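Residue numbers (numbering that gives the first Met the number 0), protein chains in the order written: chain V, 0 to 305; chain X, 0 to 305.
Where hints are given, some of them may not hold.
Any copy will do: because identical chains look the same in the list, a pair fits if it lies in one copy or spans two.
Straight-line C-alpha distance at most 27 Å; calculated DSSO-like pairs for lysine-lysine [claimed, not checked]: (1) Lys84 <-> Lys230; (2) Lys240 <-> Lys4; (3) Lys267 <-> Lys300; (4) Lys300 <-> Lys240; (5) Lys116 <-> Lys194; (6) Lys277 <-> Lys66; (7) Lys230 <-> Lys213; (8) Lys269 <-> Lys230; (9) Lys66 <-> Lys269; (10) Lys194 <-> Lys179; (11) Lys269 <-> Lys194; (12) Lys213 <-> Lys269; (13) Lys300 <-> Lys213.
Please keep in mind that the hints were generated in silico from the structure rather than gathered at the bench.
Every value quoted in this text rests on a predicted model; they were computed, and no experiment measured them.
There are 2 protein chains.
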Amino acid sequence: MKSIKVFAPATVANVSCGFDAMGFALESLGDQMVFTQTEDNGVKISKIEGANLPYDVDKNVVGVVAKQMLEDSNANFGLDIQIFKNFKPGSGLGSSAASASGTAFAVNTLLDNKYNKLELTQFAMQGEVTACGSAIADNVAACLYGGFILVRSYNPLDIVSIPTPGELIATVIHPQIEIKTADSRQVVPETIPVKTAVAQWANVGGLISGLHTKDFNLIGRSLVDYVAEPKRKELIPHFDKVKQSALNSGVLGVGISGSGPTIFALSKGKNIAHKVAKAMDEVYVNSGIGYNIYVSRISNKGVHLV
Amino acid sequence: MKSIKVFAPATVANVSCGFDAMGFALESLGDQMVFTQTEDNGVKISKIEGANLPYDVDKNVVGVVAKQMLEDSNANFGLDIQIFKNFKPGSGLGSSAASASGTAFAVNTLLDNKYNKLELTQFAMQGEVTACGSAIADNVAACLYGGFILVRSYNPLDIVSIPTPGELIATVIHPQIEIKTADSRQVVPETIPVKTAVAQWANVGGLISGLHTKDFNLIGRSLVDYVAEPKRKELIPHFDKVKQSALNSGVLGVGISGSGPTIFALSKGKNIAHKVAKAMDEVYVNSGIGYNIYVSRISNKGVHLV
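Next up, chain V with everything else stripped away, as it sits in the complex (with noise of 0.2 Å):
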């Protein structure tokens, strides 16, 4: 009976214009798990360590993706999980997508690679209902295809793999507040105007096009939201500092991870991402808020075996 271990990378899903259509994951920041291979069918979770997440297997998002996919390929064994998290759910750094995706990856693997990356995004996308209640796919796809990816069709299915300059390197903060996912989810407008619409879709274009041609200023002209960063701001305690002083500190942009709170900046090199980083720690340092800071490069594989 085999037991593997995996690294399921934490991902930034929106990307400003990108706006429930984009995502990228980060290299160095991301879950471990530990996946055996048991003789009784059936899925057990033996250890959870770094967060307060249920060991029911129904109502965890590792259980309800690795038996959804046991049954589904009618395996012949059962799996012990042991879950090492290092990221804390509610971030907005897509905690419940690296669980899900790193499953989905893990039990992939022993099954000899039965299923493409498109049918791993889906299995994942189950994990995403369980976990917010619905299948969200920018997260996943991050986390399973790593680098830059875009979610272009729903139905179908259709995650398409953007090309990442090795120099574009990510600094996050993680402000220990608690946004619920309703609220967040609330505060973005159910309607735009088109000409909003056209702005956001040609940033998009650029964001898009920058990344193929590893064009940074580009890049960096390129992100910017006009739909929810305005609205979810507000939720965010010193939003407007962090991003001005992460752009005085000579960042390509800077933007809402997911639905927040964690605020990401992308830079080209690893030095300014780590005076983007003092940057951000000096507007959080005595806010009496505790935050993580991290400094990664964007993953060029997304989940992997370690």
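Given chain V, work out where chain X should sit, using these hints.
Same frame as chain V, but now just chain X:
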């Protein structure tokens, strides 16, 4: 005193999902214009063939753009201009943009290339103000830059050239009916659901990515317009039939060129593009409506000297 002749291509603006933000230039359809320096200052239009356009230099976009550039540059010469239109104003193929951009390019050539392409775009946009009342950039930028372009931003003006696979061939049909630009604008809703906007910008991302990677299938899947086409197609006789018969012929995608009535299709390779032309022809041949069909590569250089 010098005399030069320019070819200014017809252009397809919007390009389905890229409503109000994208455009491309045709290689083999466009206007020719002859610009001859004169010792007298001032601009004179001495010949117009192929269309019923004003000779008054303050009412013809050619005159407006030329005068403006000569003034801005303190030129010590005047111009005699001959215009040979090869496609009709009001077609949705950027007739005024070809006039304006051809003029901007030609005058700049006679000014020893004093201005860069972005500045020429800004001059040509003033021609669009004369022609249609607003300084739209998608047609003029496509005409000046060639290939596919993205208008990432108007303020400041930011034009992004998108690489164009050589195998991409356009088929366009121009039904000779008049659609007033005002009507065409009016049918597009002023606001749209955010969900619709997300689906649209996901397709913009897919189209731009497909053009970069020569992924023709992705280009085809992304050529969808949820915003303008559902309304504007009602103004174009047989639109659905033309679209369906083109799709049956293996086209990548079909949409409305600019604000219509021209319908454009993009195919991989000339064989399919000609099959599409035949299919379009079969829809219109007994319609009682006059029409022209053109098959053309995408121009890789835009307006140029001949």
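Point to revise | Structure versus earlier hints, numbers of those that do not hold, lowest first | key: The structure breaks hints 1, 2, 4, 6, 7, 8, 9 and 11; every other hint is satisfied.
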